[in-house]
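Protein chains: 2
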Amino acid sequence: MAPSSSTTQTMELADLAPRLLKKERANATFDVESCLEVILGSPAAQAHRKQLVELIQADPNLGDRDMMYRNHSESYAMGLAKSNAFVTFLNRHNITDKDEIMAAYYLVGDVLPMVVHLTMFIPTLETQMDDAQRNYWLPKALAYEIIGAYAQTELGHGSNIQGIETTAQYDHTTQEFILHSPTLTSRKWWPGGLAKTANYCVLYARLFVEDVDRGVQAFLVPIRDPKTHETLPGVSLGDIGPKIGFHAVDNGYCVLNQVRIPRQNMLMRFAQVAPDGTFSKPPMDKLVYFTMVKIRVHCVYYCARVISAVSTIATRFSAARLQGTTGNGKPENQVLDYENQQLTLFPLIALGYACYFTHNVVKSLYEQVEAQFHADIGMEQLYLLGQLHASASGLKALLTEEVADGIERARRACGGHGYSASSNIPYIFQAFIGAVTFEGTKDVLTQQHTQFLLKCLNNPMPLPDVAVGSLDLLGFLKADAHAKCSATTPQQLREPQVLLQAFQVRALKLLLRSDAAKTSLHHLTQASLAHAESIVLSCFYQGVMAVPDPKLQAVLLQLWQLYGLWRIQANLGEFRLDDYLSSSQGAWSQDQLLELLRVVRPNAVALVDGFGISDFELNSAIGRYDGDIYRALIERATHEPLNAMDVTPGYHKWLKPLLTAKL
Amino acid sequence: MAPSSSTTQTMELADLAPRLLKKERANATFDVESCLEVILGSPAAQAHRKQLVELIQADPNLGDRDMMYRNHSESYAMGLAKSNAFVTFLNRHNITDKDEIMAAYYLVGDVLPMVVHLTMFIPTLETQMDDAQRNYWLPKALAYEIIGAYAQTELGHGSNIQGIETTAQYDHTTQEFILHSPTLTSRKWWPGGLAKTANYCVLYARLFVEDVDRGVQAFLVPIRDPKTHETLPGVSLGDIGPKIGFHAVDNGYCVLNQVRIPRQNMLMRFAQVAPDGTFSKPPMDKLVYFTMVKIRVHCVYYCARVISAVSTIATRFSAARLQGTTGNGKPENQVLDYENQQLTLFPLIALGYACYFTHNVVKSLYEQVEAQFHADIGMEQLYLLGQLHASASGLKALLTEEVADGIERARRACGGHGYSASSNIPYIFQAFIGAVTFEGTKDVLTQQHTQFLLKCLNNPMPLPDVAVGSLDLLGFLKADAHAKCSATTPQQLREPQVLLQAFQVRALKLLLRSDAAKTSLHHLTQASLAHAESIVLSCFYQGVMAVPDPKLQAVLLQLWQLYGLWRIQANLGEFRLDDYLSSSQGAWSQDQLLELLRVVRPNAVALVDGFGISDFELNSAIGRYDGDIYRALIERATHEPLNAMDVTPGYHKWLKPLLTAKL
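Going line by line, the protein sequences match chains W and G. Under my numbering, read the first sequence as residues 249 to 911, first letter to last. Under my numbering, read the second sequence as residues 249 to 911, first letter to last.
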């Protein structure tokens, strides 16, 4: 009697969804395997990676994905369990290569309390300790005899290291430093693992020797008893409380009350205090500079991973989801067929590829420069390193913001399901947006970037002889600031030389404007973003040109064009400065962008498949490879702890009295 | 021996912060009391509100603000406690007026499991039941003898109500409806309170009488036993799992297996099924239309509350926070003195005022139209209601997105402290971004909006005789699409008639473009946003003009100019369409915007004080009125449950084995 057959769909939506994804894949014009080789490397490398994923997924602790059900305390407890499991895992499988450790860490899919031990504490011992110190401490850290935090940020000061208030007074009578938190705001605040996990920390404090200020130096400070793990006398430790993300990490505070440590605990590679108090400071090793560049280049990779995951989730969902008809009785549309949905998602797919290719180019450029540094260091190499440092700063500022904003747009494009933790977009967003502020906020980085560019503009140096790969970071300075866009037809706006020139001229114009208005921080910022965007466009283009498979290359070139036109649309006012683009060309750029949406549409699902992210990594009910999204959502809900009981305890205490009271 | 006096600051930062806010207030050029009257009403109304805040703050359950420490299950349990406390509170203080209930509810500061009972279930009974039904059920709902959910959305369908798959088959032999979930995707999914709280729900299902499809209708369905609260036979209920926000709400699913309800349980105001199965459907009452407009207008108020709270937090923090020096030995700068910080925050303060004034104007227009409807309804009134409906849809789409994006920008502007739950920006963001998708997504609403405008464009009607207040929603249609901006000096870009015209011409141009490219959803969206923005600018201007205090009015006018120029900058490509703004004028608009930042700067803190949001409502350690932000952050951390123990249990189980193993 139930009129099941009279509904408009002849097949259940739940069964239709996987078929829709299959159809998408059949319609693609390129071979996904080719793309996987570009992004993940050779079939052997892919197989190796797949094995790693399977091993971690099979681990009872590392395979856990129930983060969404836990509060901060519960997340931290599980974070410790995962930390233990992770170390055990690395040992069992004899994983010692740093890149492979990081690859495994990414797969764990949660931020662990010991992340700072691995990514900040150990590298700091390596780079800032002298040989004797390093030989003593590094093996202990690598063997987890000690676990360290990195205590730089204070309650009153973040990225401005010169504002640090913690003091280290040298007492030559006992050959000790006395570490102290002289004010409320001098307490260390934020360091990951500092609250409950670490028993040592690298701590930054202003050094005074005989009341002479010797600047901010780093010290190795024991904070917990190695036997009992109890907080040591004179030290106060605690957790700063919950955050948007990083729930499993015990971001902490530390107050020091006249804590004495031996002289040998100052990190002595770059500055020394002799037993008698004599202070010496050799010129800064360029290694520190390299480390900063390296971390910012790595941020580009982090951006690539995150936005490719989110665009994968949202694109598959939009292809599997039907909603709304064009008319009476017609079948519903795939959400991915709506222009607004395409305009939200396709640029994010492009951004994913842009980040991967940019990371490849910039990383290899970095490695090339680093290799040359083993020879003599001249002014030219320093100049080149300066370029790389400035550009990497600008890239970090630009791309973390683009990706953070992009995640949220993708989430909204998934409607209600994007608001649900089952999509996993909330978790990814909450963890990622930390990256917009950590390792330098946008304001600080873009300022550094443009200040360097202004120096180059006003004191041009001949380009160094050393090879700079295929990327000319300062080439835009040679562009013609008075040029106009040469496109005479809408189609010409897609041409590589037209697009590349548009971004270079814009970058130069904004730099010149910034030069004219020296006090405007806003102008500095805009100039930095414009230059960074020009670099991304170049790197993306180079990456596409190097793709061996012509079918894939053709599709990625369309995606590249879409990316360029999207950025023009997003900043049309800047591209129309001095009418570089005329009003017509501005209108064409929108028409071309909308046309490219239709061109890219048939390959959208294949393009996200090409990122090669496993279902385990995505951890998303709506982003599954097989498109079986509705059963996955239903299955996921069965794990919700509230569903363990039909009638919850709160009913008896709070609801029943209401329901039965006659008011 | 500790060199405490040799640091650059002579006063502790923690003590300096409150003084900085005091100084800000002393420098303001207007009287905050005047502003509070504009935003909150008469001193008597303010006092009444203050008392309400104090009463709720003093309530042991309603005053709770420890949401950040709880997982979903814990949040739900506390949500029930707060629900009980809220009802008790309303009874104790004899609060029965709907607006006052909502005012109290806003102050509770958490989303409660019974929110849907109050905001959706009861209103639906009121508007969709016939008189006999209403007389029977409404008193029960008002007295909490029954608690209801609103079950429209299904797993497979959100805003597209025509896609609903749940069926209701009429059985005239027993005079019952048989409700059934025929497919996996037909299960109700998302309704708040449906999982564990409600014992009834209004449920939407496609009605079949004798196999004839009679469209989607509403039914009142008992889902839990009134005595035991256990799920009734044939019904499956559960929670869909955690979300970004709304942790205290049991958003649920419901599967129906041939559940029978009496014929009388169909909501019969607009459609009836007689005992013999005869179906009748009178023309839709305009009341439904009114309800939709009312809810969307209310969204504007919600936007105002949220962005004013967030801009208050971020602005006070930025004024109390010092960071970075301009040179050696100089004192540090207030973060609020950085141009980028001003460019982030001042437009958001302006957006707060824009939303308040827009809500005032549009709400009073709505009430005026509603009052006239008690007289005869003619075509002209319908036309006017159509205008209001379309505009309110566009405003909801525009402003929820602007506010959501604005919260995140403000959060980033607070650096690390914005990532911490102590700032409360995370909680506000997570709850608010639901509003971007609920009650109609941007795509759907902007389409409705522009489709209506296109109808008006192509079939112009003489304006109705009924007064439309001072707001001419369709006035932009009479603008000159070929006009150019008349400003001949940068300063002229601030003039009201210049700014207002720019937004009207832009709205008209984009509507004409949309008319030309009928298939582009993107063009429809852009036209809607442009028109909505023009309405906001008008309403904001009207609000400013009506301010009685000339000093306050002068400051709000500057803020209005800043708002207009900010929106021009954000959409400069559109304002430069056909060179409406020349390249020079485009550049001027940026210069003027940056100059207005400096003009507004001295009043920034007073302007957020003028929103009149109490510390209890802000619930932010860094947004406190008194600026004592550092002590507040330290105090807040003492509540973190992890800090109850120095050594957590996880240490013994997971960390100790690592620390003592020799690897």
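The reader is advised that the hints may include incorrect statements.
As the list claims (entries may be wrong) - The list that follows gives simulated cross-link-like pairs (lysine-lysine, DSSO-like), each with its CA atoms no further than 30 Å apart:
hint, chain 1, residue 1, chain 2, residue 2
1, G, Lys766, W, Lys578
2, G, Lys346, W, Lys901
3, G, Lys578, W, Lys766
4, G, Lys901, W, Lys346
5, G, Lys904, W, Lys346
6, W, Lys766, G, Lys271
7, W, Lys529, G, Lys475
8, G, Lys578, W, Lys703
9, G, Lys904, W, Lys388
10, G, Lys475, W, Lys901
11, W, Lys475, G, Lys901
12, G, Lys766, W, Lys271
13, W, Lys270, W, Lys578
Stated by the list, open to error - If you want the ones that stay clear, here's a sample from chain G, every Cβ over 10 Å from chain W, calculated:
hint, residue
14, Gly289
15, Arg313
16, His477
17, Lys491
18, Lys529
19, Ile543
20, His546
21, Ala619
22, Gln745
23, Gln790
Calculated from the structure, these hints are not laboratory results. Bear in mind that the values here come from a model prediction, so they are computed numbers and not experimental data. By construction, the Cβ of each residue, glycine as well, lies at the ideal position given by its N, Cα and C atoms.
Hint check results:
| no. | hint | in the structure |
| --- | --- | --- |
| 1 | G:Lys766 <-> W:Lys578 | holds (20 Å) |
| 2 | G:Lys346 <-> W:Lys901 | holds (27 Å) |
| 3 | G:Lys578 <-> W:Lys766 | holds (20 Å) |
| 4 | G:Lys901 <-> W:Lys346 | holds (27 Å) |
| 5 | G:Lys904 <-> W:Lys346 | holds (24 Å) |
| 6 | W:Lys766 <-> G:Lys271 | holds (29 Å) |
| 7 | W:Lys529 <-> G:Lys475 | violated (79 Å) |
| 8 | G:Lys578 <-> W:Lys703 | holds (24 Å) |
| 9 | G:Lys904 <-> W:Lys388 | holds (15 Å) |
| 10 | G:Lys475 <-> W:Lys901 | holds (14 Å) |
| 11 | W:Lys475 <-> G:Lys901 | holds (14 Å) |
| 12 | G:Lys766 <-> W:Lys271 | holds (29 Å) |
| 13 | W:Lys270 <-> W:Lys578 | holds (22 Å) |
| 14 | Gly289 | holds (30 Å) |
| 15 | Arg313 | holds (12 Å) |
| 16 | His477 | violated (5 Å) |
| 17 | Lys491 | violated (5 Å) |
| 18 | Lys529 | holds (18 Å) |
| 19 | Ile543 | holds (17 Å) |
| 20 | His546 | holds (20 Å) |
| 21 | Ala619 | holds (32 Å) |
| 22 | Gln745 | holds (23 Å) |
| 23 | Gln790 | holds (28 Å) |
Consistency note: the structure conflicts with the earlier hints numbered 7, 16 and 17.
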